[in-house]
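A.B. asks: Keeping the supplied structure of chain F fixed, place chain R upon it in accordance with the hints.
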Amino acid sequence: MPRGRRRTELLMLAFAVGVVLFAYANVGFGLNGKLPAGLAEYGLAFAAIVLVAHLAVRKLAPWADPLLLPLAALLNGLGIVMIYRLQESGRNGNPGVQISTISGSTTAAQVMYSAVGVAAFIAILFFIREVRVLQRYTYTLGVIGLILLAIPAVLPDSLSEVPGTGAKIQIAVGGFTIQPEQFAELALAVFFAGYLVAKRDVLALAGRRFLGIDLPRARDLGPVLIAWGASLLLLVFESDIGTSALFFGMFVAMMYIATQRTSWLLIGILLFVFGAYLASKLFSHVGARFTEWLHPFTAANVFCNPTPAAHCVSSYQLVQGLYGMGVGGILGSGLGHGQPYFTPLVQSDFIMTAFGEELGLTGLMAVLLIFGLMVQRGLRAAVAVRDPFSKLLAGGLAFAIALQVFIIVGGVTRLIPLTGITTPFLSQGGSSLITTWALIALLMRVSDTARRPAPQPIQDEGMTQVVRAG
Amino acid sequence: MNRALFRLSLACLVMFVLLLININYVQAFEAGSLASQPGNARTFNQQFQYQRGSIVANGAGGPVTIANSLPVKGSAATSGNTTFQRHYPGGAAYAPVTGFDSVYGATGIESAYQKYLAGTAPSLTVHNLISLLTGKPKQGATVYLTVSPKAQEAAYQALASDGGHDAAAVAINPSTGAILAMASVPTFNPNRLTTLNGTKFVKIDNELLANPAQPLLNRAINATYPPGSTFKIVTSAAAFSTGKLANQNSTLPAPQPLKLPNGNLLNNDGDETCGDGNPPVIEAFWLSCDTAFAGLGIKLGGAELTNQATKFGWNDANLTIPMPVSPSNLKTVPDASLTGMTAIGQYNDTVTPLQEAMDAAAIANNGVLMRPYLLESVQAPDLTTISSTTPSVLSTPVSASVASEITAMMIQVTQNPEGTAFATANSSVAGVEIAGKTGTAQNGINNSGLNDAVFTCFAPASDPKIAVGVMVQGGGFGADAAAPIAVKIIQAYLGVH
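Note that the protein sequences, when read in sequence, are chains F and R. The numbering of the first sequence is our numbering, which starts it at 217 and goes up by one. The numbering of the second sequence is our numbering, which starts it at 146 and goes up by one.
Derived by calculation from the structure, the hints in this document are not laboratory data. Glycine is no exception: its CB is placed at the ideal position from the N, C-alpha and C atoms. There may be inaccurate statements among the hints.
[Unchecked claim] Simulated DEER-style distance windows between Cβ atoms: (1) 463/R x 316/F: 32 to 38 Å; (2) 486/F x 531/R: 52 to 58 Å; (3) 342/R x 519/F: 19 to 25 Å; (4) 178/R x 369/F: 56 to 62 Å.
[As the list claims (entries may be wrong)] Which chain R residues face chain F? A few, computed with CB under 7 Å, are given here: (5) 149; (6) 153; (7) 155; (8) 161; (9) 162; (10) 164; (11) 167; (12) 168; (13) 176; (14) 180; (15) 181; (16) 357; (17) 478; (18) 640; (19) 642.
[Said to hold, decoys possible] Computed cross-link-like contacts, DSS-like style, restricted to lysine-lysine with a CA-CA straight-line distance of at most 27 Å: (20) 283/R x 250/F; (21) 389/R x 444/R; (22) 250/F x 345/R; (23) 389/R x 218/R; (24) 345/R x 218/R; (25) 389/R x 283/R.
Extracted from the complex, chain F is given alone in its bound form (with noise of 0.2 Å):
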């Protein structure tokens, strides 16, 4: 008889708070020597959205995986306490120079951003008993997601741009802004699950044979095209280059795990590789991108080059990021103790190079190794899955953060040219921390449906007569 293992999970959640409660004091004595303002409110505040995801799972996905919820928790944690420290740099006489894109609020709106996280978690383990139920809405949930991407391409660039990047992916109303294209992720996978569960085995017959590998069939190529150039439109309109790389990716492995044809990997691929080389042509700003990456320290490049330009190669961001990894080297400077106000928006997408600067390669490997286990705790899931539909779903989510987390960290460290997207639960911002609690959410549905044993049937031994044949 399997067990529940949620036990195992509170023990991992102890564990987690206890991690994250320390790095937030470890903050403060970083920064000036005394235990941080805040640390019995934000450590009660999350200590207790952990505590009530909990026992929401004990009650609502009790066969769930029980590393899941600890492994979001740390990760949620952590990027708490960066943002903290972020937000004290020049500020309430701490050393650093301030940060102006923080406010002295951030942390703990961030800390709200995160029980509203937890409790779009806690709804969908309470809505959604299945996550198969989800397959209904399939096409519904399309039209959703692209509804949800392509508002911010129509509305006018002030209340859509976020300020200094030429991305045109928020809304912006009285102060508050929020990234439509991150709720379309989980919306676009859903119907992705359901559209390729019904198409699969059209998709999946064979056509030509070409260097051994079996191409589709030409009238079949129509979906991935769409969704190929849906991801160039992204590209085109908003100019959010990581998240349109993000999406056709998610695409082209759900493609895969549906049809276990290689073929559709590669098409996927070469579409990809001959949509980014023309949108570096036809596009400054994406051949800007790759001008920074390649040369990123040539001084013309540093700054905004040619000035005065909408989109100019300029490397500085990236520059200040690699130097505050630099300068962590293996052990890091310390909590407190770096300088990761030099790198512009280091609250939001080059998060990790502060976690770098501050915590060292030590530290920036295990926050990649908790990253590695979620991805593989997903996955797991989705093997364990016996309904299809739950294991394309699952099977995407999971690949989804691995390659979110994949464009973003290799953006910042200069293994692939930088395209800004956030970090997955590190990252300062509310959509993204709520779409990814929700994620968790489905993965840990998904779990708990593998895990969860048949139902018996019942036998009542004492009641039957045993008739022996004479």
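C.D. replies: Chain R in isolation, oriented as in the chain F frame:
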């Protein structure tokens, strides 16, 4: 579908492995080159936010702190972090040793031992880690030098009061190679360059760079001068080592004048005859007869002279103390007449003051030349020694018996009433028996310029404790201009009057 999921997890694994490899590359391997990128404000700011290690002159008369970092008053209140500024209590006297550490880089010991002083040396990693864990502020290691405050200050005072000549002096402990003094004038006050204001620094630095007197040049190791007659030590060494001369009493022809193979005539200084015209080598040496040694050099040949000089440490472009030392040059010339001029240090051979001291030190140490060095030890902030210098042999230019022949000749230079340095360096003047050799190199077109004065010596002659090389550009006679400076250094170091 599970097969595809397994493959996809492999793809995820590959992505994470790539990220891990890349951050390892950035933070462990690329960190150094990132730190040295121009415009890296983090490293620029960081270097003044912890206490850099001190430099201590730990030779005789020490320990004396010659460089330290002190907190800037009020810096913690204004910027949140304590900022440290470099101070040089020894000022200009020690400038050729310490160099300076500034907002735009460092020179001298400050640059050569940057990794210890800044605390970034791999051997300090564990100490830094312990400080981190115990919450102590990061601190650099203390560098102890072999420099003797007594000898160094005497050298600087003697050079500075010499009337504005370009001059330098180096003193070595002959038995170890430890550098006891290294002074150079004109010099600079390193305290002027420690400002944390970049604009102010650039202004002062440019002013020093533009100064025609070249105050930033460390003449002791980075300027070369003609050795003049001090080269006769090398010529004699070659003659004894090759058997051209049996001992100090072997005679050699010393005509006045000497007709060189190219037909030119070489005269002795003041056109004086040298003894009876065929004197023993020791007499030619104390009188410093040019014709005798030029003739000897022609007999030895240029290759032999180069070979001997190289054994004394000349022509070595890789010597570091740890600052790189400019090579003293002696190139073989095919022309016999020019070889003759080389043998008396008057052709194109040039030498650093350090090399002059090394020549004497090798003779003093029974023919064994010790590698010159400045670093005595490095001490981590917790007072454990993390590095120290073990004296090592650089070369053996002559045998012990040849060394004793040359010692006897060098003693006569100061002790024989006819010796060139008798007046300025005899035992009653110096208070100690000095073995030395004067040099007066003629200068300028047709020797119209002022003579460069050179003196190389060691003392006490019977039990050498210090070897000194002194060079005074345009100083005049070696015995008059350079020898008194060497005597003052020796007196200060040995404590005699």
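A.B. asks: Decide, hint by hint, whether the structure agrees.
C.D. replies: Tested hints:
Evaluation of the 32 to 38 Å hint for residue 463/R and residue 316/F yields a failure: the beta carbon distance comes to about 52 Å. The hint said 52 to 58 Å for the Cβ distance between residue 486/F and residue 531/R, and at roughly 57 Å that hint holds. A beta carbon spacing of about 24 Å between residue 342/R and residue 519/F agrees with the range 19 to 25 Å that was offered as a hint. Between residue 178/R and residue 369/F the C-beta distance comes to about 42 Å, which lies outside the given range of 56 to 62 Å.
Residue-level restraint check for residue 149/R holds (minimum Cβ-Cβ distance to chain F is 5 Å; threshold 7 Å). Checking residue 153/R against chain F by beta carbon gives a least distance of about 6 Å; that is within 7 Å, so the hint holds. Here the hint on residue 155/R is broken, as its CB sits about 10 Å from the closest CB of chain F, past 7 Å. With a cut of 7 Å, the hint placing residue 161/R at the interface with chain F holds, because the nearest CB-to-CB distance is about 5 Å.
Because the closest C-beta pair between residue 162/R and chain F is about 9 Å apart, greater than 7 Å, the hint is violated. With its C-beta approaching chain F no nearer than about 5 Å, residue 164/R sits inside the 7 Å limit, and its interface hint holds. With its C-beta approaching chain F no nearer than about 4 Å, residue 167/R sits inside the 7 Å limit, and its interface hint holds. Contact between residue 168/R and chain F, as hinted, is supported at the beta carbon level, the nearest pair being about 5 Å apart and thus within 7 Å.
Of the supplied interface hints, the one on residue 176/R holds, with its beta-carbon coming within about 4 Å of a beta-carbon of chain F, less than 7 Å. Residue-level restraint check for residue 180/R holds (minimum Cβ-Cβ distance to chain F is 6 Å; threshold 7 Å). At a threshold of 7 Å, the smallest CB-CB gap from residue 181/R to chain F is about 10 Å, leaving the interface hint violated. Interface hint status for residue 357/R: violated, as the beta-carbon distance to the closest one in chain F is roughly 33 Å, over 7 Å.
Contact between residue 478/R and chain F, as hinted, is not supported at the beta carbon level, the nearest pair being about 48 Å apart and thus beyond 7 Å. Proximity of residue 640/R to chain F is violated relative to the hint, the smallest CB-CB distance being about 49 Å (cut-off 7 Å). Look at residue 642/R: its Cβ only gets to about 55 Å from chain F, farther than 7 Å, so that hint breaks. Simply put, residue 283/R and residue 250/F have alpha-carbon atoms about 19 Å apart, close enough for the 27 Å limit, and the pair holds.
Proximity of residue 389/R to residue 444/R is assessed by CA-CA distance (about 8 Å); at most 27 Å being required, the pair is judged to hold. Proximity of residue 250/F to residue 345/R is assessed by CA-CA distance (about 37 Å); at most 27 Å being required, the pair is judged violated. The straight-line distance between the Cα atoms of residue 389/R and residue 218/R is roughly 69 Å, outside the 27 Å bound, and the hint therefore fails. For the suggested pair residue 345/R and residue 218/R, the alpha carbons sit about 19 Å apart, so the restraint of at most 27 Å is met.
Only pairs whose Cα atoms come within 27 Å are accepted, and residue 389/R paired with residue 283/R is rejected, the gap being roughly 62 Å.
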